[in-house]
Each structure stands twice: as C-alpha cells, then as structure tokens.
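Novice: Construct the entire structure; sequences and hints are all you get.
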Amino acid sequence: MQISDDHKYVQMYDNISTVYEGALTAHHKHAQIVLNRLNSIFLKPRSRILDIACGTGKPVSAYFASNGHEVTGIDYSPKMLELARIAVPNATFFQAEMFSWEPPEGRQYDLVAASHCFYNVSVTQVKTMIYKLSLWAKKDGIVVIGMSYIPEVLEREGVLGQRGWAEGFPCNFLGQEFETSSMGHDEAWANLIKSTGLDIIEIDRENCTLGDGSCTEVQFYIVTRRTQANPLLGPFPLPASIDGPANIQPEVWRELSEKKEIDKAYQAICETLHKGPSCHKVLCVSKLNTVPHIPNIEIQQTSELPSSNVQPGSFDCVLLNWILHLVSSPEDYIDNAIKAISPTGNGKVIVIQSTPDNELVNLINKASEGLGLPIQHHGFLLSEAENKLRASGFQNINYIRTQASIQTFCSLQGQERIDSAANILSRVFTADESLQEQLKERLKNLLKVHFSFKSSGEITCQGAILVAERE
Numbered sequence: 089m090q091i092s093d094d095h096k097y098v099q100m101y102d103n104i105s106t107v108y109e110g111a112l113t114a115h116h117k118h119a120q121i122v123l124n125r126l127n128s129i130f131l132k133p134r135s136r137i138l139d140i141a142c143g144t145g146k147p148v149s150a151y152f153a154s155n156g157h158e159v160t161g162i163d164y165s166p167k168m169l170e171l172a173r174i175a176v177p178n179a180t181f182f183q184a185e186m187f188s189w190e191p192p193e194g195r196q197y198d199l200v201a202a203s204h205c206f207y208n209v210s211v212t213q214v215k216t217m218i219y220k221l222s223l224w225a226k227k228d229g230i231v232v233i234g235m236s237y238i239p240e241v242l243e244r245e246g247v248l249g250q251r252g253w254a255e256g257f258p259c260n261f262l263g264q265e266f267e268t269s270s271m272g273h274d275e276a277w278a279n280l281i282k283s284t285g286l287d288i289i290e291i292d293r294e295n296c297t298l299g300d301g302s303c304t305e306v307q308f309y310i311v312t313r314r315t316q317a318n319p320l321l322g323p324f325p326l327p328a329s330i331d332g333p334a335n336i337q338p339e340v341w342r343e344l345s346e347k348k349e350i351d352k353a354y355q356a357i358c359e360t361l362h363k364g365p366s367c368h369k370v371l372c373v374s375k376l377n378t379v380p381h382i383p384n385i386e387i388q389q390t391s392e393l394p395s396s397n398v399q400p401g402s403f404d405c406v407l408l409n410w411i412l413h414l415v416s417s418p419e420d421y422i423d424n425a426i427k428a429i430s431p432t433g434n435g436k437v438i439v440i441q442s443t444p445d446n447e448l449v450n451l452i453n454k455a456s457e458g459l460g461l462p463i464q465h466h467g468f469l470l471s472e473a474e475n476k477l478r479a480s481g482f483q484n485i486n487y488i489r490t491q492a493s494i495q496t497f498c499s500l501q502g503q504e505r506i507d508s509a510a511n512i513l514s515r516v517f518t519a520d521e522s523l524q525e526q527l528k529e530r531l532k533n534l535l536k537v538h539f540s541f542k543s544s545g546e547i548t549c550q551g552a553i554l555v556a557e558r559e
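Mapped onto my numbering, the consecutive letters of the sequence shown carry residue numbers 89 to 559.
Think of the hints as simulated: they come from the structure by calculation, not from any bench. There could be a bad hint or two in this list.
[Said to hold, decoys possible] The list that follows gives simulated cross-link-like pairs (lysine to any residue, SDA-like), each with its CA atoms no further than 25 Å apart: (1) Lys476 - Leu223; (2) Lys427 - Asn397; (3) Lys375 - Val415; (4) Lys454 - Lys369; (5) Lys536 - Leu344; (6) Lys528 - Leu414; (7) Lys476 - Ile463; (8) Lys117 - Cys296; (9) Lys348 - Pro333; (10) Lys454 - Gly502; (11) Lys454 - Cys296; (12) Lys369 - Asn397; (13) Lys352 - Val516.
Specialist: See below:
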C-alpha cells in the first residue's frame with residue numbers, strides 16, 4: 089500500500105502490516121488471475137519487474153519472482169518491507185517514497201505495477217505518478233494499475249454525473265483513520281491514463297469483499313502499454329494547435345515566486361551546460377527568470393529574439409528559459425535560437441517548459457476553462473521545438489525532468505492559505521478584474537483539495553528540460 093508525503097501515514101501502514109494480507113484474500117485471488125495473464129501473454133523469461141508500493145511483497149513481487157523474473161519493489165513502510173524481504177528473498181526492495189524515488193542508473197522495466205497505491209494522494213498527484221510509471225517502463229513495456237472503489241462512497245461524495253472522482257474525504261481502512269483519501273471509477277481512471285499517453289489494453293474488474301465483511305469493493309486492474317516515445321510531451325492526444333500566448337503579469341509572478349525553491353532546477357541546467365560539448369558562451373532568453381552565475385561560463389541575458397543585442401552565430405548554446413508559452417510565435421524563437429549559435433562546432437539548444445503534470449499550470453488551466461483565457465499546453469510547445477530542431481540538424485535530443493516548489497503559502501494555514509493562494513493565482517495570467525474574480529472562486533475549490541493532500545502548503549512546478557545537440 090502507498091504512503092503519502094505526510095509521514096504520519098507510515099505508522100498507519102506499519103500498524104496494518106500483519107493483518108493486511110488476511111483482510112484482502114478476495115482481492116489477492118482476483119489479482120492472481122490478472123498476474124497469470126500478464127505473465128503468459130506479455131512477458132519474456134527473466135523480465136525486469138518494478139512493484140511500486142509493494143507492501144508485504146504479496147501478491148505482485150512474490151508472483152513474478154516465483155516465475156523467474158528480476159523483481160524490484162519499493163515501499164515507504166519499514167514493517168511492510170520486513171515482511172516482503174522474508175516472503176520474497178530473491179527480490180530487491182528499497183524503502184522509498186514513490187514521488188521522490190528514481191530507478192538506479194536510469195533503469196527501465198518490462199513491466200511496472202502499481203497495485204492499490206493511490207488512495208492517499210490527490211488526482212493531481214496520481215497524474216504525476218502515472219507519468220513517472222510510463223517513463224520507468226521500456227518503450228512498448230507494460231504498465232498495470234490496480235485500484236478499487238466502494239460504490240456507496242462515490243455516491244455519498246457526490247461524484248456521479250461528474251468526473252468520476254472523489255477527493256479529500258476521510259476513510260477507515262482496517263481500523264486506521266485516513267484523513268484524506270481519493271477514489272475513482274475505473275472509467276475515470278481510464279480517461280486520466282489515456283491523457284498520459286499510455287494505450288489501454290484491457291480492464292479487468294471483480295467485486296471483492298474485505299475479510300472482515302465490512303464492505304464490498306469493485307477491484308479493477310487496468311493493463312496498458314507505453315507506446316509514446318516521450319510521455320513528457322503530453323497531455324495526449326496532442327492538439328493541432330494551441331491557444332496563446334499566455335498573458336503573464338510580471339509583478340504578480342514575482343509576488344508568487346518570491347519564495348520559489350528553484351535550486352534543483354538550476355542545478356540541472358548547470359550540469360547540462362557543463363556536460364558534453366563545451367558551452368563557454370551562452371545566450372539565456374527569458375521574460376521572467378534569470379540564470380545565476382555559473383562558473384567558467386559567460387551568460388548573456390535577453391528577453392526577446394531577435395534582439396539587436398544578440399550577434400548571430402556567436403554563441404555555443406542558447407537557453408530558452410520558460411518563454412515559449414509567453415510569445416506569439418514560438419517557431420520564430422526556435423529559428424532565431426538556431427541562428428544565434430556558431431555555425432562551427434557542435435552547438436546546443438536548451439528549452440525549458442512545464443511537464444504535463446505541473447501543479448501550478450494545471451490549477452490555473454482547470455480554473456480557466458470556459459473563460460476565454462489561453463489553456464497552456466507545454467507538451468505541444470516542446471514537441472514543436474523538437475521537430476524543428478531535428479529538421480535543423482540537432483539529432484541528439486534528450487529530456488531531463490526537474491521541479492521547483494512555490495513555497496509562498498507554506499507559512500499560512502487553513503482558509504487563509506486557500507484565500508491567499510487563490511488571490512495570487514487568479515492574477516498571474518490576466519489583468520481583467522472580472523475574470524480574476526471568477527478565477528478566484530474556482531481556485532478556492534481546487535486549492536481546498538490541493539492543500540488537503542499537500543499539508544506543507546507547497547505548489548510544485550514540474551519542468552522538462554529539452555537538450556538538443558548538433559553533431
């Protein structure tokens with residue numbers, strides 16, 4: 089079972105570690121049928137298996153290890169892992185929180201399983217994890233997600249006829265009180281999964297009763313295949329065109345990001361500039377953020393391309409720093425970035441935009457629906473940039489996933505935190521006071537759920553760094 093970013097859940101799952109398996113006998117019987125089918129149809133001998141939130145190791149890790157596969161499992165509960173290591177001694181287990189864990193040495197897997205591990209996270213966080221699962225699977229690899237729902241709970245929480253999800257409600261599981269939970273219909277899960285670029289192969293459903301007879305749940309396993317070369321270019325399907333540009337308000341952005349934790353993002357940029365072909369002279373193009381001093385690298389800053397201050401052909405690298413969604417012609421910016429690079433040598437273009445699961449972007453996008461404001465689609469911008477760069481001879485293209493945290497609201501609590509965040513976020517992309525008021529009311533509802541799962545008060549800004557090198 090999964091542990092959320094709130095560490096108190098670790099103790100709760102430790103508490104149920106010894107009764108967990110016995111209470112879920114019916115669930116495990118159904119899981120066994122699904123695992124048999126996965127093994128016989130989709131896996132070759134000695135396949136690599138990753139079991140997310142593996143719990144006691146049963147049924148997923150134990151099944152695949154007993155069938156000769158190379159199994160890795162992660163879980164946040166020490167007591168669950170103690171039982172897993174005893175039950176499945178020939179598997180490798182890590183104590184880790186799934187949102188921060190990364191496979192060693194960038195390893196990818198033939199099958200990634202996430203069985204019953206998303207109950208204490210928001211739909212937004214689920215989306216982040218599904219993108220991670222997809223990235224951890226090999227191209228054409230299998231991702232299987234198992235969950236359950238209690239029909240009475242969804243009816244009580246009023247989701248029928250809506251998007252099929254309930255969030256932020258209290259739940260009792262095997263005698264443990266979980267303050268904040270999430271639950272959705274399998275159809276709602278299927279729609280979310282499709283947006284991440286995974287192709288659904290089948291959905292297997294079964295009614296299962298807990299061992300204590302307290303309730304009957306609909307358990308389902310959604311079997312998918314990774315067909316997208318790069319899930320970070322979503323959400324899918326990509327549109328033919330997008331709205332734009334976003335009309336950002338610089339003063340509001342500075343107010344929002346005054347406590348933005350960006351060290352990891354800039355560390356990734358620094359490592360990228362020093363890796364591979366030398367970048368002694370770099371042009372940074374940004375309307376909002378500047379890149380701090382980087383040793384042994386000369387950085388020239390500009391907010392426009394073309395610019396009278398930019399000499400064509402005089403740079404080793406051009407860094408387009410969170411700008412393509414803010415300009416009317418992103419294609420021209422890519423063209424002018426290429427022109428700014430010296431015609432001799434390898435040359436490098438770096439493009440930084442948001443990932444499809446960026447919490448800040450998605451909060452504002454959701455609140456903006458139907459109000460005539462541009463809906464941001466950074467994956468489309470990255471896709472267009474990649475296509476143009478490849479056509480211009482930049483064949484070596486890689487992506488780095490990174491993130492920063494907006495911590496402006498961490499010192500606040502309760503309704504004050506919600507109101508303050510809604511007030512600032514409603515003004516980021518419009519100066520129209522009427523639209524701001526509508527956005528503010530919508531954002532309050534969205535932020536209430538967001539902060540119920542993010543007790544720290546952070547809003548995460550996940551980003552993708554496209555690195556294109558001309559060989």
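Novice: Now tell me, hint by hint, if it's right for this structure.
Specialist: Hint check results:
Among the hinted pairs, Lys476 with Leu223 is consistent with the structure: their alpha-carbon atoms are about 23 Å apart, no more than 25 Å. Among the hinted pairs, Lys427 with Asn397 is consistent with the structure: their alpha-carbon atoms are about 14 Å apart, no more than 25 Å. Distance hint between Lys375 and Val415 is fulfilled; the C-alpha atoms sit about 10 Å from each other, no more than 25 Å. About 40 Å separates the Cα atoms of Lys454 and Lys369, which puts this hinted pair outside 25 Å; it is violated.
With a CA separation close to 18 Å, the supplied pair Lys536 and Leu344 stays within the 25 Å bound. The hinted pair formed by Lys528 and Leu414 meets the criterion: a straight-line CA distance of about 22 Å does not exceed 25 Å. Among the hinted pairs, Lys476 with Ile463 is consistent with the structure: their alpha-carbon atoms are about 23 Å apart, no more than 25 Å. A distance of roughly 9 Å separates the Cα atoms of Lys117 and Cys296; the hinted pair therefore holds under the 25 Å criterion.
Distance hint between Lys348 and Pro333 is fulfilled; the C-alpha atoms sit about 23 Å from each other, no more than 25 Å. Distance check on the hinted pair: Lys454 and Gly502 sit about 22 Å apart at the alpha-carbon level, within 25 Å; holds. The suggested pairing of Lys454 with Cys296 is violated, with an alpha-carbon distance near 34 Å, which exceeds 25 Å. For the hint linking Lys369 to Asn397, the alpha-carbon distance of about 14 Å falls within 25 Å, and the restraint holds.
Distance check on the hinted pair: Lys352 and Val516 sit about 23 Å apart at the alpha-carbon level, within 25 Å; holds.
Checked against the numbered hints listed earlier, the structure breaks hints 4 and 11; every other hint is satisfied.
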